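Sequences are here, hints too, so could you generate the full structure?
Quick note, the sequences are listed as chains U and Z, same order.
Residue numbering for the first sequence follows my numbering, starting at 19 and increasing by one per position.
Residue numbering for the second sequence follows my numbering, starting at 27 and increasing by one per position.
Note that these hints are calculated values from the structure, not bench results.
A hint or two may mislead.
Chain U residues, not near chain Z, derived (Cβ > 10 Å throughout) [as the list claims (entries may be wrong)]: (1) Ser-32; (2) Glu-73; (3) Met-104; (4) Lys-150; (5) Ser-167; (6) Phe-200; (7) Gln-231; (8) Gly-279.
Distance ranges between label pairs, derived from CB positions [said to hold, decoys possible]: (9) Ile-174/Z x Pro-180/U: 45 to 51 Å; (10) Gly-205/U x Lys-181/Z: 38 to 44 Å; (11) Lys-179/U x Ser-171/Z: 36 to 42 Å; (12) Lys-144/U x Glu-185/Z: 56 to 62 Å; (13) Pro-203/Z x His-79/U: 47 to 53 Å.
Just so we're clear, the structure is a prediction, and the values are computed from it rather than from any experiment.
Every residue, glycine too, gets a C-beta built ideally from N, C-alpha and C.
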Amino acid sequence: GTENPASEVETGQSPPEKPKLVKCRSPGKETFTCWWEPGADGGLPTNYTLTYHKEGETLIHECPDYKTGGPNSCYFSKKHTSIWKMYVITVNAINQMGISSSDPLYVDVTYIVEPEPPANLTLELKHPEDRKPYLWIKWSPPTMTDVKSGWFIIQYEIRLKPEKATDWETHFTPKQTQLKIFNLYPGQKYLVQIRCKPDHGYWSEWSPESSIQIPNDFPVKDTSMWIFVAILSAVICLIMVWAVALKGYSMVTCILPPVPGPKIKGFDVHLLEKGKSEELLRALESQDFPPTSDCEDLLMEFIEVDDCEDQQLMPRPSKEHTEQGVKPMHLDLDSDSGRGSCDSPSLLSEKCDEPQAHPSKFHTPEGPEKLENPETNLTCLQAPQSTSGEGKIPYFLANGPKSSTWPFPQPPSLYSPRYSYHNIADVCELALGMAGTTATSLDQTDQHALKASKTIETGREGKATKQRESEGCSSKPDQDTVWPRPQDKTPLISAKPLEYVEIHKVSQDGVLALFPKQNEKFGAPEASKEYSKVSRVTDSNILVLVPDPQAQNLTLLEEPAKKAPPALP
Amino acid sequence: MDSKGSSQKAGSRLLLLLVVSNLLLCQGVVSTPVCPNGPGNCQVSLRDLFDRAVMVSHYIHDLSSEMFNEFDKRYAQGKGFITMALNSCHTSSLPTPEDKEQAQQTHHEVLMSLILGLLRSWNDPLYHLVTEVRGMKGAPDAILSRAIEIEEENKRLLEGMEMIFGQVIPGAKETEPYPVWSGLPSLQTKDEDARYSAFYNLLHCLRRDSSKIDTYLKLLNCRIIYNNNC
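This is the structure we're talking about:
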């Protein structure tokens, strides 16, 4: 009968509210199900119906199956399912008061595909011989999907994690229904889940968790493979060791080239080791030592300064060995004044603490106590600590004042140069002896490089070098007095004069040719001017040297006395 | 030196051992023959043709779905265009199977000629779609780029399908008529709503037909290449 609106209000009943279609899903592109949400029922029992019609048809159908899909659902079986066709679906809510219809839902089964989760998930631990152990996960395609014929194309996703972990390890497999997992942690319980997706559609829900316990003694690694790797690496190491042993030295020198040591032409280490000093020196000499006349740029002129008034302690630097020191020097070959023998280089060398086992031609006189003061601050031929590129010139540093035992001429103001050098050997010795003492007082840039002294340049100081140097020096006992030249610059000892003389060269017969050291101020050293002949001594105790007529040009050089050591005896 | 020579020999043997062991360990390598029919008859195998065709058809359907969703989101919200899209596809005259049973009962020749007809019938609409989308107000690049891509891939798939057809059914005539699209005027109409509705229809039909092509090809692939055992 007709409804009286008034009765609606009185009884509080009304037609049902519009239901709402929630979603439709097809699990295999062959059937589909739609679900709806009922609205308020208006206080009366309400029935719901679903009606639809297909695209291109006018006939309206009702839902063929309300049960299979659960409450508030409609299941469309294969018979009622068409692909690529639009379904217009409506749900109606009916109660005594009225009917309410939902908004129509336009559904194309092609686009609502959502499969079920994969089925039959099984986990199995496999440990084959000689291969890595793994977890074997197997499953089947979800129900209602026809994969074999190709109607339903499916992809799978598996995820697993140890029970206590937070992050899942996911694997994606297109098509296949099994998966092998390696690198599992023993003693852990693993959870595994799987889901799938059609080629065009929605992901399924995750399957229920499957779990498996990895036993504690589950081998993570494949031992046989590691044994193989170990043997292989051992073999490779053996081969490398073998190769190194065979070509060891050449490889090592290739990788670590040896630090080049100082090389001296003609210097034979073996001769040195054997102690055959003469042969060693001869070998050196054969190269081009002593420097010949064309090495003049290396050596400088030298001057002789003589003060024979104080002839205290100049033992003859000959083979004679006397307790008393004073012996005038004797110049055999030189044509100088002959007075240059006042200061014996042997005396000087004595002050230099020469070694006892000294195979040079002269002996160290024990001498008076005046000689015994080793604190003479005399620096002989400076054992060059560093070779500089500047003219390789030896310097004789003589520091007089304290050398009370030194046979200096008495008035310090007379002339500064003190020492006469017997021969190169003495010079060298002297320098060696002094090297250790006052090395620091020398002007480093003025280091020499007399070739003889190169033997010192190995950096070893001390007695051995002294010995060698003296051997390296000329072995002739020829005398030549060499007087150190007064030196302007005295870097350290202001009170004590430091005189430098530069050895120009050493002639074949052991004659020292000295250059004045001050050629820096004068400019380029005059070449080939040897001052090896004393012409006279002036009143102001200045020794005048002339170049050796045997040598080259003759010039006159006058050397003023620079300083006089105050403490000279 | 003898020791040197023997050590070199040992070294070369070890190297050989290493190489061989490497080869043995790399067991997972699969090589596909380029000319399965013999060296004098180098053709691309049918399996490769189907693999390639399935890939392209899958791709076209993905693009079409995305393009439709983009358009729907931007231009068709609340407009009810869907109601007008029913029965609007120009290819509905083709007797395409509508469910699995029908498809499985359709002979592969028929299926393949249906696929070819669909592909051919979309050449023209795709061309115009690109042109007209370019002229659309605020043409979103997501739609335009996909339209361009689909047009190109459609041509490629057509070529592949013709090759497959030639191999599966040698000597078959390829002059089957295909449905002609006549929706260009509605794409160019001045009425914006009408025009958008026309676009909606076209994109809706494209999505559907690309799905048909993709499904039929995958079905044929499993049937012909894998013998119904995918």
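To see whether the hints hold, each was checked on the structure:
With a minimum CB-CB distance of about 28 Å to chain Z, Ser-32/U clears the 10 Å threshold, and the non-interface call stands. With 10 Å as the threshold on Cβ separation, the claim that Glu-73/U sits away from chain Z is violated: the shortest Cβ distance comes to roughly 5 Å. Non-interface status of Met-104/U relative to chain Z is broken: a Cβ of that chain comes within 10 Å, the nearest being about 6 Å off. For Lys-150/U, the non-interface assignment is confirmed: its Cβ lies about 12 Å from the closest Cβ of chain Z, beyond the 10 Å cut-off.
Taking the minimum C-beta to C-beta distance to chain Z, about 6 Å, the non-interface status of Ser-167/U is violated against the 10 Å cut. Once the 10 Å rule is applied to beta carbons, Phe-200/U is consistent with being away from chain Z; the minimum gap is 14 Å. Taking the minimum C-beta to C-beta distance to chain Z, about 30 Å, the non-interface status of Gln-231/U holds against the 10 Å cut. Every CB of chain Z lies more than 10 Å from the CB of Gly-279/U, the least distance being 31 Å, so the non-interface label holds.
Checked against the given bound of 45 to 51 Å, the beta carbons of Ile-174/Z and Pro-180/U, roughly 49 Å apart, stay inside it. Range check, Gly-205/U to Lys-181/Z: about 59 Å between beta-carbon atoms, so the 38 to 44 Å window is missed. About 39 Å separates the C-beta atoms of Lys-179/U and Ser-171/Z, a value consistent with the hinted range of 36 to 42 Å. At about 47 Å, the beta-carbon gap between Lys-144/U and Glu-185/Z misses the expected band of 56 to 62 Å.
In this structure the hint that Pro-203/Z and His-79/U lie 47 to 53 Å apart at CB is violated, the actual value being about 34 Å.
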